[in-house]
Structure formats: structure tokens, C-alpha cells
Amino acid sequence: VMGARVDYAKLQQHPAALDAVIDELGNVTAAQFQHWSARQQIAYLINAYNAFTLQAIVDHYPIQGRWFSWLSLTPRNSIKQIDGVWTRLRWPVAGADRTLNEIEHEILRKQYREPRMHFAINCASVSCPRLRHEPYTSDHLERQLILAARDYLASDFGLIVDGSTLRVSSILSWFNDDFVDQYARLIDADRPSRDRTILGIIAKYGPPEASRLAQTGTARIRFLKYDWSLNDTATN
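Throughout, my numbering is defined as the position within the sequence shown, counted from one, plus 20.
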């Protein structure tokens, strides 16, 4: 991992470390998982999602896409070019074979009240929160999730202050419902709950200038175009 980018070619040439991680994640049994604390389970699931996503890219790298991919407005080197990447490919997770969608939407989002997971999981795209250099662990999960949120909102893909407008990642639109309970109440303004939720997240985790603007409750909110290009160190 180099900054927000991943050297997939090198990872493909030297797969031993990633293979070892995949094996270790797959060896966790359902009984072991059930005896873990919620923090241990969340850390495990985030790590599994990120490792399996790396594996999916490496297994299909280089991603060239179809010649007519421009018709769908999907970049040729995007994870979206891998058929069934989120819905058909499966990996062993706590005793059951799961897809990436199941890990994210059926388990992480439904079973835990931890919306900051959206700043931690990486979908191998330029606009995603970056892949961290360290695995998530139960002992440091709170600190790691705070840093992940701050890091993403400090990036141009997460948040841009444009005068009195906050241009934010579409992630905060797509998964707004996950954040409402914890963040909408942080902003005292006559705004829809969706807006107050976004402003609350930025007030808490955004850089100083953006946080101050969010706290006024008056900022306009616009969503950044999401770049699905592969977060590769190579340009292709």
C-alpha cells in the first residue's frame, strides 16, 4: 500500500503474505466468532472484507474491462468490471462462505451499530476510504475508526469545502440511514435529518474549517462524483 493506492502488480507477483492472511481469516470457526466481543467481530469482518477485496482484484488483475464499458460509464480498470465481485464470489467467514455484499450489508450493517465501518472498508476504488497499513484490532478499534473517519474527510475524495458549500462523498448519501441515530442530533438546525446527519459527521470528524462550517447548521451540501477507477499505483 502506497498512500491511498495499492501496488496490485507486486501483490500478484508476491502473493504469499495475502494468501496467509486469507487462510487465517478462513480458519476462524463459527464457535470462535460467537465467543468474541462485538469489537473483535467488527475488526475481523472489516479485515476480511478488505483482504477478500484485494484477493478479488489480484485474481483478475490487470482488469481491462470490455471495449464497450464506456457505455455503462464504468472505468475499464474498475472493480465493477469483475462479474459478480460483490454477489457471486465467496470466501470462508466464521464457518460460512460469504460474498462481499453479505459481509457488508447483511452482517456489518445489520448486526452492529457502527456506521464508521463505512470509513474502514475499502472497495478498491479511487474514491474509497484508503486501505490502512495495519489490520483493525479490537484493542484499538475505536482509535482506528476515528482516524479512518478523519483521514477520509481530510481527503479530496471525502470532503471539499467550497465557500459555504460542503462537497462530500456519496458514501454519506448512500448509507445516510446508518449514521442518523448517532449524528443527526449533533446539529441543532431546521434541516432534514439527512442534512443534519451529514453535518453532524463533518462537525465531529471533519478538518477544522469544515467542522466549523458544519456546526453553523447553514452549509449547503453537495455530493462529489464517485470515482470507481482502480486504486492502483500503476495508471492503466
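Treat the hints with care, as some may be off.
As the list claims (entries may be wrong) - Simulated DEER-style distance windows between Cβ atoms:
hint : residue 1 : residue 2 : range
1    : Gln131    : Thr157    : 17 to 23 Å
2    : Arg232    : Ser190    : 19 to 25 Å
3    : Ala36     : Ala254    : 17 to 23 Å
4    : Arg108    : Arg240    : 24 to 30 Å
5    : Ser158    : Asp27     : 39 to 45 Å
6    : Thr49     : His160    : 33 to 39 Å
7    : Tyr246    : Leu167    : 19 to 25 Å
Keep in mind the hints are simulated off the structure, nothing from the lab.
Think of the CB as a built atom: it goes at the ideal place given N, C-alpha and C, for glycine as much as any other residue.
Going down the list of hints, with the structure as the test:
Taking 17 to 23 Å as the suggested C-beta distance range, the pair Gln131 and Thr157 conforms, at roughly 19 Å. Taken as a hint, the range 19 to 25 Å holds for the pair Arg232 and Ser190, whose Cβ atoms sit roughly 23 Å apart. In this structure, Ala36 and Ala254 meet the distance hint of 17 to 23 Å, their C-beta atoms being roughly 21 Å apart. Taking 24 to 30 Å as the suggested C-beta distance range, the pair Arg108 and Arg240 does not conform, at roughly 40 Å.
For Ser158 and Asp27, the Cβ-Cβ distance of about 29 Å falls outside the hinted range of 39 to 45 Å, so the restraint is violated. Between Thr49 and His160 the beta carbon distance is about 24 Å. The supplied range of 33 to 39 Å is therefore violated. Look at Tyr246 against Leu167: about 22 Å separates their beta carbons, and that is inside 19 to 25 Å.
Consistency note: the structure conflicts with the earlier hints numbered 4, 5 and 6.
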